[in-house]
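Q: Model the placement of chain E on the given structure of chain V, informed by the hints.
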Amino acid sequence: MIRGFLFLTALMATMPAFAHRLVIYAYAEAGEVIVEARFSNERPAQIGTIKVALEDETVLMEVPLDPSGETRIAIDAAFSPGVIVTVETSEGHEDYWVLTPDDLKEAEE
Amino acid sequence: MRLTIALAAALMATPSLAEPLKVTAVHNVLAVFAKRIGGDAVEVKMPVPEGRDPALWKPGIAEISEIQQSDLILLNGAGYADWTAKTSLPRSKTVVTSKAFENALIETEGAVTHSHGPDGEHAHTGTDPHTWLDFAQAAQQAEAVGEALAKRLPEAELDTEALVAELALLDARAKEVASKLPQPLIAAHPRYAYFARAYGLEIVSLDWPAGEDPEREDIAALQELLTANPAKVFLWEAEPSAAATQVLAELGLEGVVFETGALAGQDFPGGAAAALERLAALGE
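Top to bottom, those sequences are chains V and E.
In this text, residue positions in the first sequence follow our numbering: the first is 1, and each later residue adds one.
In this text, residue positions in the second sequence follow our numbering: the first is 1, and each later residue adds one.
A couple of the hints might just be wrong.
What the hints assert, rightly or not - The calculated DMTMM-like cross-link candidates involving lysine to aspartate or glutamate, where the alpha carbons are at most 25 Å apart (straight line), are:
| # | chain 1 | residue 1 | chain 2 | residue 2 |
| --- | --- | --- | --- | --- |
| 1 | E | 180 | V | 91 |
| 2 | E | 58 | V | 88 |
| 3 | E | 22 | V | 32 |
| 4 | E | 35 | V | 88 |
| 5 | E | 151 | E | 284 |
| 6 | E | 86 | V | 106 |
| 7 | E | 180 | V | 94 |
| 8 | E | 93 | V | 108 |
| 9 | V | 105 | E | 63 |
| 10 | E | 86 | V | 88 |
| 11 | E | 86 | V | 95 |
| 12 | E | 86 | V | 91 |
| 13 | E | 58 | V | 55 |
| 14 | E | 35 | V | 108 |
| 15 | E | 93 | V | 29 |
| 16 | E | 93 | V | 102 |
| 17 | E | 58 | V | 94 |
| 18 | E | 99 | V | 42 |
| 19 | E | 93 | V | 56 |
| 20 | V | 51 | E | 71 |
| 21 | E | 58 | V | 106 |
| 22 | E | 86 | V | 94 |
| 23 | E | 86 | V | 42 |
| 24 | E | 58 | V | 66 |
| 25 | E | 86 | V | 102 |
| 26 | E | 93 | V | 36 |
| 27 | E | 58 | E | 71 |
| 28 | E | 86 | V | 29 |
Claimed, not checked - Stretches of chain E that chain V covers, calculated by requiring three or more beta carbons in the stretch to come under 8 Å of a beta carbon on chain V:
| # | region |
| --- | --- |
| 29 | 81 to 94 |
| 30 | 265 to 273 |
Think of the hints as simulated: they come from the structure by calculation, not from any bench.
Just so we're clear, the structure is a prediction, and the values are computed from it rather than from any experiment.
For glycine and all other residues, C-beta sits at the position ideal for the given N, C-alpha and C.
Here chain E stands alone, though its shape is the one from the complex:
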């Protein structure tokens, strides 16, 4: 009997046979980090449906209940996802991955309230939450994920170093690419403040809804902007329509899709690396 119990205990302690750690991530980038680092030792959920912006998503009560049952909840911090401040998340299970650089967050100016897409009215106000687009900060967030997993999975083989090294290379490449880019750049939506700061870029942000064609007044505003700020490069956070691409071409702008990686199904850091190479081609 004692041998049976001892054998059962030994088997349960073996990471490969223990239940995976249930991790919920507030956006896709952190979900990717957790999966890359934890491998089979983790079961990672990013509960936001595909096509919805995790920054604006509001979970229902049942969804919050499920998130509360996670073993580990990875938050971005910097005000990302309002819902995380509207309900109790167990403190012992919650990690704010941007804590290491909380004194270096970027405050946005003014309150811009508007409505577009399935998530309806929202405002660009307070702190810019897209912290991981400074790839050195992304590496710090990856380290925070790695530390949280190591604490809860002391026996598991975790691979934080490889991910951090990849992000360090991305950071170095971004510096190299940015140094040769014609400036300023124009962005369809205010997402790239950390990218701009980290890599010495001037990025002027519009507020065009992703995936929708710009209206006549939007185009007029862009023309006026270009008069004062001659630019060659336009950043889209999602693939634009053919009509929108045509508008840019007529204005002498080259469009580059630079997804943030936060939405379900997006590729990070691969998508960011690909965007950098497209930008690199424009800087030559």
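Just chain V, same shape as in the assembly:
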């Protein structure tokens, strides 16, 4: 194979992580951030962690994934500037979602 082409087909065959990808969606409702974490094959992500961080990467909170694929996190006042919610699973998948101050305001009780 020509070196100039960086296709990693062989690598894809040996690394299951490339076979499907993690997709997360987060929203704020009734005082909580709700994080939905599924793989592209629709299966819920069951083992891993959710980090809620500020834009400067200060981690405000780290919680385990709920095996149902939907994790609820109580909104803290520190979230108000907006947060980046990152999910990392045990198999090395990662995805993130950005919640702006307006997104979080929608959850105010």
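A: Structure of chain E alone, referenced to chain V:
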């Protein structure tokens, strides 16, 4: 009093005195379309700084907040700009301009992960997002922009037809030029899949970073490629260095700069038209 209120209402309804519609476009091509069609009735922003690739740019929280406040958000679709799938954009304000041909998108093969330029590591995987380089598709995207503006600015004078007509001419010219080009063509970066498909071209894509000189192994790989695929034309997405141009000349390749138009400050469709004329000269 009633006369004053009625007069104020009438003045506010007049498009020229109403606030322009605030439009955010995910890349420069859609920003150009919105401005061409909407004129003074729109205030168009493409928030990506000059020199940065809008496909790879990651806005900060404040930038996303500002985008969420737009009256209209124009997205390319086809997976263009990962950030658009990582945050909530108001559905009622968002238009995916490639929806009309969403069943005709090109899937890329393999996962190519690498790092170059200020945007760092990225992968060429999934769907090719450069849909507007098929100029008939670009016309459909322009129509989508026009429809979105017409819906929100029913009283404004919009000029979708002129832009669509210009893109139709570009499409016709591309067909004409492509029919005479020596094939295959080589491209420095995988950007031209839709252009290749639309105009019957075989374009073999390398992965050379724009604006950087090819390394020794890149040149060796190109030489090996040319042995199996004798080519005469090389497409650059940005102006190459003198050294890179010299490398091509020594390999018998003629370089043509064919900007995608997506970056801030680029000219579309003018830049594409100019690239076609340079290609036309090579096909004669």
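Q: State for each hint whether it applies.
A: Each hint, compared with the structure:
no., hint, result
1, E:180 x V:91, "51 Å, violated"
2, E:58 x V:88, "19 Å, holds"
3, E:22 x V:32, "31 Å, violated"
4, E:35 x V:88, "41 Å, violated"
5, E:151 x E:284, "46 Å, violated"
6, E:86 x V:106, "18 Å, holds"
7, E:180 x V:94, "47 Å, violated"
8, E:93 x V:108, "23 Å, holds"
9, V:105 x E:63, "17 Å, holds"
10, E:86 x V:88, "15 Å, holds"
11, E:86 x V:95, "9 Å, holds"
12, E:86 x V:91, "21 Å, holds"
13, E:58 x V:55, "12 Å, holds"
14, E:35 x V:108, "38 Å, violated"
15, E:93 x V:29, "21 Å, holds"
16, E:93 x V:102, "16 Å, holds"
17, E:58 x V:94, "16 Å, holds"
18, E:99 x V:42, "23 Å, holds"
19, E:93 x V:56, "29 Å, violated"
20, V:51 x E:71, "32 Å, violated"
21, E:58 x V:106, "24 Å, holds"
22, E:86 x V:94, "12 Å, holds"
23, E:86 x V:42, "18 Å, holds"
24, E:58 x V:66, "28 Å, violated"
25, E:86 x V:102, "15 Å, holds"
26, E:93 x V:36, "24 Å, holds"
27, E:58 x E:71, "21 Å, holds"
28, E:86 x V:29, "18 Å, holds"
29, 81 to 94, "holds (count 4)"
30, 265 to 273, "violated (count 0)"
Comparing the model with each earlier hint shows violations of hints 1, 3, 4, 5, 7, 14, 19, 20, 24, 30; every other hint is respected.
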